[in-house]
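Student: Based on the sequences and whatever the hints tell you, model everything.
Residue numbers (full-length UniProt numbering), protein chains in the order written: chain A, 1 to 415; chain B, 1 to 381.
A couple of the hints might just be wrong.
[Claimed, not checked] Below, a list of computed lysine-lysine pairs in the DSS-like style, where the Cα atoms sit at most 27 Å apart: (1) B:K213 with A:K146; (2) A:K146 with B:K236; (3) B:K213 with B:K227; (4) A:K146 with B:K358; (5) B:K227 with B:K197; (6) B:K154 with B:K213; (7) B:K236 with B:K163; (8) B:K321 with B:K358; (9) B:K197 with A:K146; (10) B:K118 with B:K163.
These aren't lab readings, by the way, just hints derived from the structure by calculation.
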Amino acid sequence: MADPSHEEAAPAPSRRSLLGWGGAGLALGAAAVGGATALHRGGGGGAPAPDAVPFHGPRQAGIATAVPDRLHFAAFDVTTTDRAELAALLREWSAAAAALTQGRPVGGGATGGLPEAPPDDTGEALGLRPARLTLTLGLGPSLFAKDRFGLHTRRPAALAELPKFPGDNLDPARGGGDLCVQACSDDPQVAVHAVRNLARIGFGRVAVRWSQLGFGKTSSTTPDSQTPRNLFGFKDGTANIAGTDDKALDRHVWVPAADGPDWMAGGSYLVARRIRMHIETWDRTSLREQEDVIGRTKGEGAPVAKAGEHDAPLLTAMLPTAHVRLAHPDSNGGARMLRRGYSFTDGTDGLGRLDAGLFFLAYQRDVRDAFIPVQRALSRNDALNEYIQHTGSAVFAIPPGVRDERDWWARGLFT
Amino acid sequence: MRPITRPVAALSAVAALLALAGCAEKADAGDDAIRVTATDTACETSRTEIAAGHLELAVENKGSKVTEVYVLYPDDRIVTERENIGAGTKANITAEIQPGAYEIACKPGMKGDGIRQKLTVTGGKAAKRDPRLDEAVAAYRTYVREQAEETLPKAEAFTEAVKAGDLAAARKAYAPSRIGWERTEPVAESFGDIDPKVDVREDGLEEGQDPEKDWTGWHRLERSLWKDGKITDRDKQLADRLLADLTDWQRRVGTAQITPTSMANGAKELLDEVATGKVTGEEERYSHTDLVDFKANVEGAEKAYTLLRATAEKNDAALVKRLDAAFADLDKKVDAYRDGPGSHDFRAYDTVREADRKKLSDAVNALAEPLSKLAAAVVGK
Chain A
1 MADPSHEEAA PAPSRRSLLG WGGAGLALGA AAVGGATALH RGGGGGAPAP DAVPFHGPRQ
61 AGIATAVPDR LHFAAFDVTT TDRAELAALL REWSAAAAAL TQGRPVGGGA TGGLPEAPPD
121 DTGEALGLRP ARLTLTLGLG PSLFAKDRFG LHTRRPAALA ELPKFPGDNL DPARGGGDLC
181 VQACSDDPQV AVHAVRNLAR IGFGRVAVRW SQLGFGKTSS TTPDSQTPRN LFGFKDGTAN
241 IAGTDDKALD RHVWVPAADG PDWMAGGSYL VARRIRMHIE TWDRTSLREQ EDVIGRTKGE
301 GAPVAKAGEH DAPLLTAMLP TAHVRLAHPD SNGGARMLRR GYSFTDGTDG LGRLDAGLFF
361 LAYQRDVRDA FIPVQRALSR NDALNEYIQH TGSAVFAIPP GVRDERDWWA RGLFT
Chain B
1 MRPITRPVAA LSAVAALLAL AGCAEKADAG DDAIRVTATD TACETSRTEI AAGHLELAVE
61 NKGSKVTEVY VLYPDDRIVT ERENIGAGTK ANITAEIQPG AYEIACKPGM KGDGIRQKLT
121 VTGGKAAKRD PRLDEAVAAY RTYVREQAEE TLPKAEAFTE AVKAGDLAAA RKAYAPSRIG
181 WERTEPVAES FGDIDPKVDV REDGLEEGQD PEKDWTGWHR LERSLWKDGK ITDRDKQLAD
241 RLLADLTDWQ RRVGTAQITP TSMANGAKEL LDEVATGKVT GEEERYSHTD LVDFKANVEG
301 AEKAYTLLRA TAEKNDAALV KRLDAAFADL DKKVDAYRDG PGSHDFRAYD TVREADRKKL
361 SDAVNALAEP LSKLAAAVVG K
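Tutor: Right under this line is the structure:
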């Protein structure tokens, strides 16, 4: 795909493109950049900004597209009992998302409206670039409950409730949800602005159940770029599925029409887990033990007994309880997921410890064939369990993309 | 209660008559706007007389200091204001204004009494207003007056119990004495000086104020009755003062400036009160009678809404439909904690679980968001 969002870093705007937006006669340099920014957040038209990820398309952005550095993830309870109102909300959200991802304000904008009314857009993203914002919608199992919206016959079998895994200490206030929105951007204010405005549009129909900020990606979909590190200081996601690897995406991430149901063709499934890391005890662990627990070296990220990060791992050289060995596809019948997790720090707890960890996000074709068996193995045997605790959990069906201005999120489910 | 706003000190009008600003450049605001050019030493206005109705000030701060601009009644009550207008920036201020004498004040450096200009508002557009809205304003004024009148005997029952040293009777009379106030709080607050005397919480005191000496009103007594569990001689004096302050409120409340817009915004402000003070349990932290206030705030908002509903429906039927449903839903959720229909006894808020508070909060948000659009629907834009 010739999609600019597949490149890790947004290309610098060319002089030609700046002239294109700003019109002839605009001075080049800083003034021209300012003009272009104003045009976008000002609600005007014009060509898309180079750091805008297309919203419309056969698949939702925010999965195979490049992973920006910041996250705001929100789960919602649907409070209306009216199916038509729920569908209307998804229509309104789709229109707002189409604007937000292109760097435009929602509705009538943040300024210039009626003095007697609050502005449609909350305004904190005025003057900010799109910053590769993606908005990805998911539907939780509870939405398909009987006697709710008449959707129970259309629930995908692959949207399985996760079993309780050993060691789970799940807080119901940090898990579940009828709907979710994943907002990824290079600018945290852009991501938060998007979730805030969608929540505002939704008041009366949905209520925020929980949300999570992430400040640094721990996996990328762009293997040519530097592999990010998690808060344990190790490279994470070395063998992640690349956003350009269509074969692996089709096999492990996207739902083919043959899997059914029809409305999910081109979609995916998302598992979200809030994984608290016991940072302080990990930091007191010897380097050798840290590397044994993970199964890779800390500096290079090379698998045990190998020299380079991207060398094929020799699983039998690792401890049987090493994290990489247990999580590897070869130990799990070939199961793979596209990981898009983020590090989080929610300040400190009352005991002075960092309340920090990994907000794990993984996209897959079928939860039953991927996350569930892999986590079953990890939760029983992973040496890392001594240093982590799963504190939040949710699973969502990710419908296919919004094709154009007339389409909307999950339309196939409601029609 | 709400954070105390700095009172505008009384001052005789400064007759700083300056040359009127010329119309050198076109303002961003409408053609009818009054251009206010503020500097560090002057406050120039392009007009001194306008017709009643919609007032718009197009302010430009050409000075070096941050400024504030106020429109004031002759007794220094605030019609509308804008704070924090930075040097070199512009701001627009709007209000619905009735015929009468006013002053425009610029406050360079955001302190002092400001540099004043006269503003006369003549008959004009006021006559063309929707008669239904005039009826709504009149009915709301009656409601506000009635609430204050009905509150006085209840407040007296409360203060008498305090003065008699009857802890149980005082506790019982506390929450009912606040209902009329909570229903109409935004109107009472428009006077500026009463709210800090009767309804301030300990955390609302300003730096340098001593809670033992400077804290007065309901919540000071609430602390004595529930936290300290005893009534002191000072509490008895405070009871007298509370009744006197409420009597002052009852006398003045009928003269408050009320417009359709202020009614609609007042309804929204009542929901803001619920969202920031009641649903969190901060308002009644000792007595835990938050749900009584909660219900009263919602009732007051519903009253204003009901009076404006016909006009709003004509301009925005979808909004009215949403508001009807949201009020009904919130009423149902709050009434679930009521002892019985019509009763003013509600469950103590400290016994309401976090998950149930979340449900109340969701219902408040579901109502407050569309309610914030009522004012625009009422003015018909």
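Student: Against this structure, judge whether each hint is valid.
Tutor: Outcome of the hint check:
1. B:K213 with A:K146: violated, 61 Å
2. A:K146 with B:K236: With a Cα-Cα distance of about 60 Å, the restraint between K146 of chain A and K236 of chain B is violated, given a limit of 27 Å.
3. B:K213 with B:K227: holds, 18 Å
4. A:K146 with B:K358: Distance of about 24 Å is within 27 Å: holds.
5. B:K227 with B:K197: Measuring from Cα to Cα gives roughly 20 Å; hence the hint holds.
6. B:K154 with B:K213: holds, 26 Å
7. B:K236 with B:K163: Cα-Cα ~5 Å, so holds.
8. B:K321 with B:K358: holds, 24 Å
9. B:K197 with A:K146: violated, 54 Å
10. B:K118 with B:K163: violated, 48 Å
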